[in-house]
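J.: Given the coordinates of chain U, assemble chain E onto it according to the supplied hints.
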Amino acid sequence: MRKIFVILLLCLTTTWVFSQNVTVSGYVMDKKTGERLLNANVYDANALKGTSANNYGFYSLSIPMGKAKIIASFIGYSPVQLELNITIDTTINFELEMQSGEIDEITIIGNAINKVEDTQMSMVDLSVQKIKKIPVILGEADVLKVIQLLPGVQSGTEGTSGIYVRGGGPDQNLFLLDGVPVYNASHLLGFFSVFNPEAIKSIQLYKGGFPAHFGGRLSSVVDINMKDGNMKEFKGEFSIGAISSKLMLEGPIIKDKTSFMVSARRTYLDIVSKPIFMYMNRQYPDEKVSAGAFFHDYNLKVNHIFNEKSRLYLSGYFGKDRGFGKMQYEYSYSNDGYELEDYEFEDEFGLEWGNIIGSARWNYLLSKRLFSNTTLTYSRYQFEIGAEYIEKNRTQKTKTEDAFKYYSGIEDITAKVDFDYFPNNNHAVKFGASYINHHFTPGATKIKFESVDIDDDVIDLDSIFGNSEIYAHEFSAYIEDDIEFTPRFKANAGLHLSYFMVDGKGYINPQPRLSLRLKATENWALKASYSRMVQHVHLLTTAGIGLPTDLWVPVTTKLAPPVSDQVAAGTAINFSKGVNFTVEGFYKSMRNLIEYKEGSSFMGSASNWEDKVEQGEGWAYGVEVMLEKTLGKTTGWIGYTWSKTERHFKSLNFDRDFPAKYDRRHDISIAFTHEFSERFDIGATWVYGTGNAVTLAVMEYPKATIPGSGSRSSWYNENLKDYGGRNNYRMPAYHRMDVGMNFHKQKKRGVRTWSISAYNAYNCQNPFMLMWRTDYNDTYNPETGRYTQYTKTKLNQLSLFPIIPSISYSFKF
Amino acid sequence: MKIKMKNLNTKSLAKYVILTIALSVVLNACMKEVEFDEKIIESKLVVNGFVCADSLIKVQLAVSHPITGVQKRTEWIDNATIKLYIDGEFSEELQNVKIEYNEEEFYDNYSNSSADMPESEYQSITTIAQAGKIYKIEIECDGFEMAWAETTIPEKVIIDTVRTEIKEVIEYGYTENRKFYYTKFSDPQTEKNYYRIALSNSRGYRETIWNDTTYQYEIVDSIKRVYVSYNFDPYIQSDDPLLNGNEDADDYLFMGPDNEYKLFNDDLINGQDYELSFNEYYYNYGDENTMEIEGEFEHSNIRLMTLSREAYLYIKSSYEHMYYDEDFLSEPVQVYTNINNGIGIFAGYSFDEYSIGKGEYPIDSFEYIYSNYY
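Protein chains in written order, with my numbering: chain U, 1 to 813; chain E, 1 to 374.
The shape of chain U in the complex, shown without the other chains:
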């Protein structure tokens, strides 16, 4: 590693010393809102030198002294051009205006990053506008459901927001919200993601070729930035949908100095279900039942500019899901067969889960070439489930109370510092270090039992078991350099080094990263990358439906950290009118993966979870093709993925390879939006995927009589089922079309939008689950005097979502 540093330093200093350049630096921002434009381009047309702004809109460009023609551009914005005579280091802040009117034809909806220019491959930059226009279930715009439409990303269970990237599992995705890891990215059992589009500025998905500043997960990074808040004027938006309502407000606290953004969202499934239970309770007056579920979440961000060099961001997210059920009834029962006694029974149940996230980020410009960001973050995910059962004997005046509470969670406190260093135009260096204090509470159960008998004697029990708190420490450091060797050949080389310590055992993992770009022509680039990724946490889950009981646990002294090595190669071509074409092939190997042993519960595992899992390996390879149109009235993409994903665990599937649950040979997605006018636009998506691999019994055979057993077992003499292997059967293929349209109208105080959409527009009955169903027939045989049972077994498919129309209203002011 020392060698790498030396080479890197030599490289940087030589080019620096011999140049006679000046530095132009500053920020690129939106003129109307003051929002910093991430990855905007700044280019000197005279020197033919350019650079990209960093994640905070900061750029630094070295140009020769003298006349310069500097152009700042960002896709969807009118470029700004300045002609200056620059003889000393200069600060220039660019304010770009969003294109409008006639030029509106080239309104955004596309990648901010030029796929040919950038070294980065396997990355997709999504705009929030695009996400809002793409129709999804129940009309709820959802970041992760749009990500599911991208090549290389498989969706999990239908309707849920889980993502499986290039053969990875659901726990191999790092979701960052303003740089803070989000552990549970879903609401309402996975049907919605926690990222409220109203509060989001930018979304980037990395599937491979990971830059060295990312680490901690094997398969993907979803980097989401919240809006900073409008620095110029007070703005807002609210919407009312079929299942939730949202409100977002933003504006200056001190104009051009301090701004805020706040958003809130709540679903109303619990309110909708109330009349149903009221009706049920009226039918059965002795029984009272109520149940419901809802979630609410809030995003908050405040930022303050101290001066040109210093800026502070404070951001937070708070989200909570709640489900509850209550049952009350009365009955009479005779214990001795003579006298009736009156009983009252109450059973209450509730579960609650959610994330709390907070971050403080301080940008400080150490020099025109050195940008720093210091971050303190807090992330907590907590799950609680509780129940109480009370039975009262009103006649005898006795009471039995039985209660439990189960809780689990993870809490991280992180401190990190990142630097962007621009020594010259041929290098863009990032380096930094971080420390994470992990606190895992994989599960504890609190039990309370109280019984009061007729003599007022009390039996009392109040205890906690399964409480196993784990503390772990994670250190990491990285350095990467985006090097332009020649105008045609660029590379991004870096190293991410991590050290994880748990229960006195330390794991050190150097993770080299390399991305190469060779420009064959101005619009055609060849790319290749290699990245090693390591993660130090596991998610214990089997169903893959984003249950709140899924548990985050650390690697342990017994279970080594999962490691992946991914190589990818591909090409990117820019055609005219904003049409991009990319093809990428990848191979990813993974080791130290975990899977539940067969039959282990899908629900949260409180204790001995290490005994319930197996460690093994996996590999995935495939080809992804994407044809994308990012400019004009019609935008969208066609994506196709061919891939294969397999796993091997010594103790599973009799030591044989088996396909991963979400292994799909073919995956096609088409998403497009078309803007007919300022008042009307439409969107549609169509997806097709090879059926999921499931473990389905195909043969039956007689069970051996268990020695020492009598006839007590109800399964005595039953047949056993032969699966022929784990994930041995393919469900039928999945395909679906969603359509939506938006009607906008300028009102006195803003723009109102009616959105009408239909999920699964042609009502395809897609497979959710396969199961055998048996019809029974009894036939009496008069000769033997016995009945004989004949059965016929058929394969049945359960489908979840038929066509689901929805309507929502929003108003932007």
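Read the hints as simulated data drawn from the structure, not as lab findings.
Even glycine gets a Cβ: it sits at the ideal position worked out from N, Cα and C.
Among the clues, some could well be false.
[Said to hold, decoys possible] DSS-like mimics (lysine-lysine), calculated; alpha carbons at most 30 Å apart, straight line:
id : chain 1 : residue 1 : chain 2 : residue 2
1  : E       : K133      : U       : K650
2  : U       : K792      : E       : K72
3  : E       : K83       : E       : K98
4  : U       : K748      : U       : K650
5  : U       : K650      : E       : K98
[What the hints assert, rightly or not] Output of the computed footprint for chain U on chain E, the stretches with three or more beta carbons under 8 Å from beta carbons of chain U:
id : region
6  : 34-42
7  : 48-54
8  : 314-321
9  : 333-343
T.: Chain E only, in chain U's frame:
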């Protein structure tokens, strides 16, 4: 006194509410019949044989059949050749022998069971299985590749003592009597041991006649007739850590498979003396002096079975397989097999039995009438 409280209502409500939340989002699930891709069907040779120490070696052969379509009766095989090897040396060819069932066993043909009972099985003629030896079978059968399997019969572990105690416990908020058994044995240190503990009970009650004067059923000295009933393998519960490997906080919440067959291994007790405890629901049919009446008895047989690893894995996985069958939220469990080129089990075991109880049985002067299980 140990207190164990579980609330089935709460547990089922928990699962119910979680599923209800999921399903409440699902507006209209629907089910339809789909075509099954029969290309993946492959019939396999099924070999079933648990070999007990000091017994003949018995094996049943069948063919697995597709799960789809009209259910076929099990196709038992009676024309195969099974060669038996002991410690690597050929011993004999197993013979196909007709099985004699009693009426009760055969009555199972009309039940929910889907398996049929074989009319014959393969037996050794001269070989009696002995602990410590390795037994291998090779099966040649038309239409199948030669299948083979081998197992070792483990040495039996002797039960040192068994003591019993009747206690009151609170279950679901109610007080009930339970009979606790404390079984002491020494685990051999040299090898890895797998066990199953099983219980069987028998009770004998004197015949009574109605007394018109006292309006009660009474025992008459002259009628020396005893009704005997059995309970083979009654359901037993335990808080013993050896028998509760599957239980933790999750199971309290969401339930998981019980240790139905009371299997355990020596991970926690290797080479140690151990007193294993378990209990069964106990109902005292008469007053406290019942078993002091001549002829009446109440006997329990505690059987400590020492299983081969193959037997342990088959029994454990077959129970979990059944438990998780059709539970779409859990990964299905494939049943363990040690049959090469086939499925099923060929596994050895041995056992030691300890009897404990009250009352003398049998007594020559009494007539015993055996009734069904209780």
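J.: Take the hints in turn and mark each one as holding or not.
T.: Against the structure, the hints:
no.: 1; hint: E:K133 <-> U:K650; in the structure: 28 Å, holds
no.: 2; hint: U:K792 <-> E:K72; in the structure: 9 Å, holds
no.: 3; hint: E:K83 <-> E:K98; in the structure: 19 Å, holds
no.: 4; hint: U:K748 <-> U:K650; in the structure: 68 Å, violated
no.: 5; hint: U:K650 <-> E:K98; in the structure: 41 Å, violated
no.: 6; hint: 34-42; in the structure: holds (count 7)
no.: 7; hint: 48-54; in the structure: holds (count 4)
no.: 8; hint: 314-321; in the structure: holds (count 7)
no.: 9; hint: 333-343; in the structure: holds (count 4)
Of the numbered hints given earlier, the model fails hints 4, 5; all others are met.
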